[in-house]
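Visitor: The chain contents come next:
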Amino acid sequence: MTGQLSETTTLTRIQDWVVKYGFIAVTVGLFVYFAITEPAFATSSSLFSMLKFASVTAILGLGVTFTMVVGGLDLSIGATAGLAVQLAAMTMVFYNLTGPTAVVAVLLGGLVVGLLNALLIVVFRIPDLLATLGMMFVIQGAKLIPVDGQSVSSGMVLRDGSVAPGSFTPDFLKIDRGFIGPVPLPVVIMLALVALSWFVLSRTTWGRLMYAVGANPEAARLAGVRVGFYHGLAYVISALLASVGGLILVSRIGQGDVNAGSSSLLEAVAVALVGTSVLGMGKPNAWGTLLGALLVGIVLTGLTMKGMQYYHQDTAKGLVVIVALLFSFTLSRKKLRYTPAT
Amino acid sequence: MTGQLSETTTLTRIQDWVVKYGFIAVTVGLFVYFAITEPAFATSSSLFSMLKFASVTAILGLGVTFTMVVGGLDLSIGATAGLAVQLAAMTMVFYNLTGPTAVVAVLLGGLVVGLLNALLIVVFRIPDLLATLGMMFVIQGAKLIPVDGQSVSSGMVLRDGSVAPGSFTPDFLKIDRGFIGPVPLPVVIMLALVALSWFVLSRTTWGRLMYAVGANPEAARLAGVRVGFYHGLAYVISALLASVGGLILVSRIGQGDVNAGSSSLLEAVAVALVGTSVLGMGKPNAWGTLLGALLVGIVLTGLTMKGMQYYHQDTAKGLVVIVALLFSFTLSRKKLRYTPAT
Amino acid sequence: SQGTTTDPTSASSSSADSGTTTEVTADAPAPFDGPVRIAIVQQSGQGDYFQQYLNGTRQQAAALGVELDVYDAQGDNATQASQLDQAIASGVDGIVVRHGYPDTLCPGVNAAIEKGIPVVIYDVEIQTCAPDAVQTQQSDADMAGLVLDQMLKDIGTDQKVGYVNVAGIAPLDRRDVVWRAALDTNGWQQMFYTGSFTNSTATDTAPMVSSALKSNPDVVAIYAPYDEFTKGTLSALEQNPDIASGIKVYGADISAADIELMTAEGSQWVATGATDPNAIGAAVTRTLFLHMAGELPKGATVDFPPILVTQDFLRQNNIKNMDDLRAAEPALNISDVSGADWIPSVTF
Amino acid sequence: MAPDTGDQGAPAVNLTGGPLACELDGITMSFGANEVLKGVTLGLPVGHVTALLGANGAGKSTLIKVLSGVYPEHGGEVRVAGTPVEMESPLAAARHGIQTVHQRIDENIVPGLTVAENLVFEEIVRGEVPTVRSLRKLLPRAREIARTLDLDWSDSVLTRDVFELGIADSQMLLLARALVQRPKVLVLDEPTSTLSAGEVDRLFALIRRLRDDGVAVLYVTHRLSEVAALADDIVVLRDGAISAAQQRPFDMEQAIRSMLGESLATHHDLVEQRGSATAVELRGVQLLKRSDPLDLDLRYGEVTGIVGLIGSGKSELARGVFGADPLRAGTMTLDGKPYAPRHTSQAVGAGVYLVPEDRAAESMLPGWSLTWTSTLPFLRSVASWGLLRRARERATGTAVLEDFGVVATGPGQAVDSLSGGNQQKVVVGRWMHAGPRVLLLDEPFRGVDIGARGDISHRARAQASEGACVVVFSSDVEEIREIADRILVLVEGHIKLDAYTSEVGNDAIVTSMSEVA
Ligand SMILES: Nc1ncnc2c1ncn2[C@@H]1O[C@H](COP(=O)(O)OP(=O)(O)OP(=O)(O)O)[C@@H](O)[C@H]1O
Ligand SMILES: Nc1ncnc2c1ncn2[C@@H]1O[C@H](COP(=O)(O)OP(=O)(O)OP(=O)(O)O)[C@@H](O)[C@H]1O
Ligand SMILES: [Mg+2]
Ligand SMILES: [Mg+2]
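Residue numbers (this note's numbering), protein chains in the order written: chain A, 9 to 350; chain B, 9 to 350; chain C, 456 to 803; chain D, 12 to 528.
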């Protein structure tokens, strides 16, 4: 019995610990560091505003997570969130309808985008990345057509010369500005959606089947799984989540904004990808995505408080991502297998 | 043991034809349409300026193509091109050095980025998408540090209060503004790089081994291929190509520009992905990437001449991508297999 | 047969603010006696300001029956250079170049002029390298100056202040120069300098200002010299009601959305420096027409003055949108700038 | 498990006393906590074929990967011609004259490259081909390599994407590629599991020729008939250690005992069962592009074996009945009712299950545990209201594991880290556990050791006697005879013979298999 037993030496045990908890440790460590050096950082209002800031990224990241679970990647989420902004503003300002109507319109819009993505990918067999990239461009342009490229705001003059009749309703603005107890509403929404996503993905048959589709679609099909359905479902869920993110955005801005959402894409992807490595999971998962969003939020808030130049944001974001990945992939002794396909 | 030949009915023959040439037919068809309806479209100066316009996208797309060949995807090319813009401007304006020195500095910068990407991916085993996404953020921020976030232009005031001594040299500006015979230099560079990339990818053992690494790294490893070397090589080539694209960009802009390059990423990815479907190849290839860039160029130029709103650009771009993909993937009878991995 | 009445439908299919045209009293000179095609080559069309600018351009072109090609670089300078080439190659009769870098545009502008295409520049400092182009600009220095004077009046000297801006964008850099001078002369102490210029500037700027505020709750005023920055700043204030309630915000630009924000209950945006982008778009186009007709020499310069708009002024006059503002402040219309008896001037 | 102390005692390093081409000395290897090789010492004599036997998971493929430089981090020593060498990479092994054809074809074929490029691949890798070379110029060399195994592939086949080759042709390609290198040591890991008789004969002729030229051959197989036909020596690997070694004449009983342990379940003689009620009725079904329509009844209560050469349409038939691919033409009924599954989920819902032939590509979900793999098709039964019940899941996983004696660390182990035979047990087991009406087994014994093969066939027969309709597809007549009550011979999509096993001899089957339609 000589051989090289993989002795669980202290070293490998430390290594495993780092892989599993390193990411969380970094997050907590940074948090503590900022809390000590910047007294303003750990105040509850500062924390809540940080969480609020992270909420949109986290929610869009959840959408990306779902599509990564089925082995794809939704590049259209940023544009979908932007579409939501546009739809909400139009519903309330142009048509003078209520806040709830705007929410319904936004979710319907998201549903349509999700179904279109699913159609292109499942029925027309266009690889995920390509289909959603195309959709991204289409939505980005198409959403501007009804508003002639202008941001919608109350009091604006319409094509026919009349003044837009409506404005953002107070109940709608509550989506971003409301509270439940001391907790801002978007934070509640984010946590609820993360918990729900986690639940769906790891405790229900739907989630399991989505993971199956992502792991080996052919094997899943031969096990009797309706691969196309679950594959498409993930894109519908993703688009709906993006719409919810858009709702928060538009309620935060308080008017239409033609550019909202588009900058969220790469950040959401980054957060979801980073999330795959949390707890040494090696697969896309909801809590990981949340943690990724929080880590980015902590770093940006903390460094801004420390007075860094605005362009250090990106550097910091990138370094955080890379360091998180070093923990998970470089140190990991088991091969992490997650590969989002086309 | 030749396996069965598929029956070639008229229908399937048409279908195969469409898959193979449909993309080219659409490109040519649109070209002819614009040439007829917009007399200014098909003039040689107009065509050359269109080609010049497409050159940067095509060159960045080539970089993406190389990384897709090895089964990855380089998300840092846009940032790398932006870094090139910054480096060239700094070399000439801050340090008052010559154009050739700037070119060398830019290519060295690209080399460093490529090697860093290769290090993260090959040595530190971080999945391609994640590593290059992280690098993208890092470069985007880091390139702004030496210039305090400002676009470099001649005559600007430096940190120490002195005026920047240098300016863009005429020979450097020739990179974008020069001609060889009637052909603009960037077009020549683009064609040369496409031809070279095609040659390397499909006529040399290096290219073949890169395809092998992308298609089945395990098989390549078992056959003795130094998988890591070729995998890393693709990222180095990609970063160098991005730097060349950046050189053309900065010489076109004629001064530093902090935002240059970043908008090219998704377009370059789209073009390279669309290129995989040209001629029914089903794998990333240099000519396909060129054609993709040309198609996008034709559509955007033609529609602009037809007086469309700016936001229709995106819609048009997206629709072109989707239609091209419908030809290749939906109609294709053979299963296209290309899947860029993590 | 340019009409005299409001004609929103024929003026443009895509107008937000539709203008009124003045009556012409003379026949148009060459080349406007035949079909004319002009192009505008703009650095970016995204955002309200640029959309309104383009709206003014379109309506003014339509009023004279001129066809307009719009080249939009979506913020990409290299693309703008290419598009200038494309516009020249497409054989238009005149070109407006709007925003961008001088070094980027200079060769193209000179090439166009060499080919006999008249060029009007808006807001690019290109005099030295393209002396034959007609220069137009809104005065950013004046705009910043007006607002900062108001700020001085409101808060006095020796105060702690915040600043939201980024470097590297020409008009913002010009405003920055005025800001630095004001810091010095007024003894203001800049506590933070932050901002994020992205595709969704307002949304991305908000969290940064919010964090900066938390570590510097003692600032009394913030200058955010671009309305997207101003919006982001307001949103950040809103998220920190406990520390931010007394802070005054000074901005730039004006649009219907901005008016809504300034007049909203409890709004902290107290003053902005403004021009009407619609009017400027139209005036620049008129300048091109004059230049094309030979009534304005090569190398001429035309300036568009800004005005100061305060929250009090808006509230007192019950101003809800740009139409109201124009009615209350006709100076915004600048319809007399670059006018001629053969040009139906569009006023808004 | 009691350690095997076979009467051979400590395994001999050198059975023949002749010169050794290559020696393995005290090789150890482990994956994580799993110690797979526990000190293997073995010599490969020049001009001998050494058969390496062992149950699934014994460590054969691992040993081979050590020898071929895939696992450089092993313990112990490798000597080539008496000199210790570092096998630090596959390239190093090739430089020392060791050529290997690994077990998993999909890990060795490079899709996206042409057949020709795959044939010449090793030479491309070693830089023996000039850097700049067009495909056309590779063709002559590719043809030459293909000819080693008498593969007369036309240029149109050679320039095709290798992905379009079937699994058997791919195997032949890999063999040709290794054989043409004129190695000093040739290592073949289950090369015949996807081949049918004709190809096997050609391969064997070539191996014998190489042996006579002085090549040392290490040959891994689960087919004892091949050992008898080809091998000079037998070495048996058990639980990561050599448990026995033999020279001709072989004592197969003894070999099997050392493989599987003394507790080998005695081989059940087949008691023929004849079914009556028709389960699936096929009418006018066309399997291949140009084959005639076929009528066929598959009955409950018996095991139907469908045997045919490669490309005869066995898989097409299995997949058609399962709804994995649409039938080209024809109709089916199940229990007398029209049955036209447009999707596999309908088949599974109706109790029609398929174990597909390509395990890695069609059954394995990377990283999935034994439990998850087992419950995948029947998630609804381990969930209530869409909510997964973990206890129920684990119970199913454990049941599958125990029913088949899967060698695993527990129901939580990832299935793709099991050895091939154990993977197959899991896949077969999950369907059997659910009680199939119709169970289609496509090449169920591919890469499965005799013990497991006995288990699977025993269980399949038990299912049939409980009333299920079991259909086994194979190209191996022996295998089919071992399991089937009724034998059908398929030739080019057409049934050539349909008889009960007891009524038909081997010769008749083989003759009709090779008949031309
Ligand atoms: N990459 C790996 N990671 C972890 N465990 C492995 C790996 N490869 C093999 N094993 C384990 O090593 C043991 C030996 O596997 P190996 O493939 O060598 O068996 P084998 O004798 O070739 O079996 P078979 O006849 O089924 O091919 C098995 O228990 C398997 O689970
Ligand atoms: N991937 C493929 N591409 C093209 N033709 C194929 C492919 N797979 C199988 N074929 C062809 O389809 C026909 C039927 O194949 P099928 O797999 O049903 O045969 P089989 O009897 O099961 O043989 P095997 O032992 O190879 O599985 C054959 O002519 C075969 O060459
Ligand atoms: Mg094996
Ligand atoms: Mg088969």
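Treat the hints as calculated values from the structure; they're not laboratory data. Any given hint could turn out to be false.
[Stated by the list, open to error] Computed from the model, here is a short list of chain D residues facing chain A with C-beta under 7 Å:
| # | residue |
| --- | --- |
| 1 | Ser356 |
| 2 | Ala371 |
| 3 | Glu373 |
| 4 | Ala445 |
| 5 | Val521 |
Note that the structure is a prediction, hence the values are computed from the model and not measured. For every residue, glycine included, the Cβ atom is placed at its ideal position computed from N, Cα and C.
Visitor: All hints, please: hold or fail.
Guide: Results for each hint:
Here the hint on Ser356/D is kept, as its CB sits about 4 Å from the closest CB of chain A, short of 7 Å. Interface hint at Ala371/D: violated, since its Cβ lies 9 Å from the closest Cβ of chain A, which is beyond the 7 Å cut-off. For Glu373/D, the interface hint holds, since its Cβ comes within 7 Å of a Cβ in chain A; the closest pair sits about 5 Å apart. Look at Ala445/D: its Cβ only gets to about 11 Å from chain A, farther than 7 Å, so that hint breaks.
Evaluation of the Val521/D hint against chain A yields a violated restraint, the C-beta minimum of about 31 Å exceeding 7 Å.
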